[in-house]
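Chain A is already provided as a structure; the job is to place chain B on it using the hints.
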Amino acid sequence: EAGVAQSPRYKIIEKRQSVAFWCNPISGHATLYWYQQILGQGPKLLIQFQNNGVVDDSQLPKDRFSAERLKGVDSTLKIQPAKLEDSAVYLCASSQIRGGPGGPGANVLTFGAGSRLTVL
Amino acid sequence: AQSVAQPEDQVNVAEGNPLTVKCTYSVSGNPYLFWYVQYPNRGLQFLLKYITGDNLVKGSYGFEAEFNKSQTSFHLKKPSALVSDSALYFCAVREVGKLIFGQGTELSVKP
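Quick note, the sequences are listed as chains A and B, same order. Counting along the first sequence from 1, when you hit position 28 you're at 28 in this note's numbering, and nothing is skipped either side. For this note's numbering, count along the second sequence from 1 and bump the result up by 1000.
Just chain A, same shape as in the assembly:
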């Protein structure tokens, strides 16, 4: 089973520039997540998709961040314009519900390697 693919792995930009990250989840996984992990902190959820619909984007800074998951497969996260505090690793994860919420695969998120963003 192929894992969660993310690109690019590393990106360095100047503040006020834009950047986009791409994620391809595990085949068949209906739920896709974007997390932001700032150095020294735990991952924080930015947005959650179920198929191609948004389930939770309450912590997404919508004035500068946007995300889409067209056709319910891969996803793109965009930042425009970037700020210094956006320097972080952006983690994509996917999951499936097998046998309901308590099933063996329930809520086991599989993460990609992440995209490290440095904003100068």
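Wrong hints could be hidden among the right ones.
Reference listing, derived: stretches of chain A covered by chain B, where coverage requires no fewer than 3 residues with Cβ under 8 angstroms from a Cβ of chain B [stated by the list, open to error]:
#1 36 to 49
#2 107 to 115
Computed list of lysine-lysine pairs in DSBU-like fashion (alpha-carbon distance at most 35 angstroms, straight line) [to be verified]:
#3 A/K78 <-> A/K62
#4 B/K1077 <-> A/K44
#5 A/K15 <-> A/K71
#6 B/K1049 <-> A/K44
#7 A/K62 <-> B/K1049
#8 B/K1022 <-> B/K1049
#9 A/K71 <-> B/K1049
Treat the hints as calculated values from the structure; they're not laboratory data. Even for Gly, the Cβ is constructed at its ideal location relative to N, Cα and C.
The following block gives chain B in isolation, referenced to the frame of chain A:
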């Protein structure tokens, strides 16, 4: 809102000794709890989870975790630490289909 706390930023253990990485939780209702590990420049890897049933949960790489309802804790344990266990460990709790993570504990195992 659900939350987890990891009271130690860093844990240092000698190889071969037992290790414990602590996690406490605050939830309404029954908790669904998880442990993940993150190696340098890698994504998070699932170790184990507690949904219901036995309070002692066994996971990958010889790790186990003990769910304690009275102490609202879910500590990660391993009987004999390896140098290769050195990594960042995250406790997490499920909230409406997503995971809320703690701030992480850096485990360092010295030979």
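To see whether the hints hold, each was checked on the structure:
no.: 1; hint: 36 to 49; verdict: holds (count 7)
no.: 2; hint: 107 to 115; verdict: holds (count 8)
no.: 3; hint: A/K78 <-> A/K62; verdict: holds, 10 angstroms
no.: 4; hint: B/K1077 <-> A/K44; verdict: holds, 25 angstroms
no.: 5; hint: A/K15 <-> A/K71; verdict: holds, 31 angstroms
no.: 6; hint: B/K1049 <-> A/K44; verdict: holds, 19 angstroms
no.: 7; hint: A/K62 <-> B/K1049; verdict: holds, 32 angstroms
no.: 8; hint: B/K1022 <-> B/K1049; verdict: holds, 15 angstroms
no.: 9; hint: A/K71 <-> B/K1049; verdict: holds, 31 angstroms
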